[in-house]
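Line order of the protein sequences matches chains A and B.
Number 61 in our numbering belongs to position 61 of the first sequence; there are no gaps in the numbering.
Number 62 in our numbering belongs to position 62 of the second sequence; there are no gaps in the numbering.
Simulated from the structure, these hints should not be mistaken for lab results.
As a list, the in silico DSS-like pairs of lysine-lysine whose alpha-carbon atoms are at most 30 Å apart:
no. : chain 1 : residue 1 : chain 2 : residue 2
1   : B       : LYS72     : A       : LYS236
2   : A       : LYS152    : B       : LYS45
3   : A       : LYS289    : B       : LYS55
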Amino acid sequence: MKKFLYYITIILGIISSAFFVIDYFIFYQLRPKMVTFELITKGEENLLLFVGVGLLVFLLFYLLSLFKIASYLKRAKRITAPLVLLTTVGVLAFLFVFSDFALLTDIDKQYRLGLAQPEWSLVYPIMMFQFIMAIIFTYLHLYGFKPDNQIKDVAKDHNVFLVAQYIGLICGLLGLVFTSLGFVFHRAWNLHLHTTISSIILLLPYVLIVVYWFFMKFKEESGDLYDEKQIQDVGKSAFVTMAMSVFFMILLFVFNYNNLDGMVRVLWLPFYLFSTLFIFSATNLYYLKRG
Amino acid sequence: MKQKKSKFANNLRKYRFEHNEISQQELANRVGVTRLTIHSIETGKFVPSAFLALKIAEFFKVKMEDIFYISK
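All chains should be built: construct the whole structure from the sequences, respecting the hints.
Rendered as structure tokens:
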């Protein structure tokens with residue numbers, strides 16, 4: 001099964017890299033026509049469908065790569081900065097597949113309505129970043145994940161737990177920044193797209209790593225979720241999180257007191273979710289690092 | 001009168017080295033905790049439960065108080 005997944009991942013990596021190059025030429029052909037609202041032929045419309053299939057391939061490849069990184073992290077001798085960086089950019093590349101989908105859907109919609117498509121300027125840098133990540137991941141799958149940097153047996157996990165806190169910290173921070181934008185650009189805020197969809201996307205990496213961690217826990221012999229130091233750290237972090245989130249929610253309430261139709265009405269939940277995730281992960285990391 | 005603060009201390013590191021220089025990870029695997037927990041106990045930042053302390057003592061085949069003690 002492991003060998004099968006290894007080959008599938010490498011094949012998907014190569015296909016993804018090829019898709020990025022082909023997508024570039026498709027956009028090179030379609031963009032001038034869409035920007036000037038020229039008529040797109042049936043064949044060219046099918047090319048967009050091809051781009052859509054490519055997005056599914058990217059999604060699967062990044063997902064498998066993230067699982068590989070997670071299983072590598074589990075037995076890594078040390079959690080180094082490059083490993084955390086790799087996980088973070090891997091998660092970002094994965095998230096950007098959803099943004100690709102959203103941007104391309106927006107572009108298509110705006111073209112049909114005869115509106116300008118400023119999203120094009122975002123599509124190219126994002127896809128370039130994803131292309132570079134696809135090449136780096138494929139290379140790492142082939143030569144990077146060396147078994148000599150791994151510990152043979154780990155009865156009780158520490159590494160995945162640690163990385164879950166890093167991902168929680170990053171997702172929490174990104175979510176808070178994104179939610180805060182709602183207060184600044186409230187006129188252009190779209191509840192469905194900018195709150196619901198983006199919150200789900202930003203929470204997804206954390207959910208994935210926690211699901212992986214749970215899955216791993218079922219395989220451990222002891223049957224306990226945490227060891228006694230972890231449970232102490234989680235308890236302290238939960239206390240700090242509760243105290244701080246109560247404080248932040250009171251601030252939000254005061255801020256919204258005379259403004260019942262304001263943005264707080266729709267943003268309180270993501271604000272609460274991301275702030276608790278951020279505080280919980282940050283304090284957990286603090287206690288873990290303190291020893 | 002104010003009581004002098006006592007501190008939990010241990011000889012865990014010494015016992016590890018006397019026991020074929022067993023690594024923190026190996027000891028952690030044998031007693032069912034994470035490597036960080038063993039490290040935190042050794043550096044005095046974490047006080048283990050009586051159950052874990054007994055498990056560690058049992059592993060080294062010594063009494064619990066040979067490894068763990070209160071320093072004043």
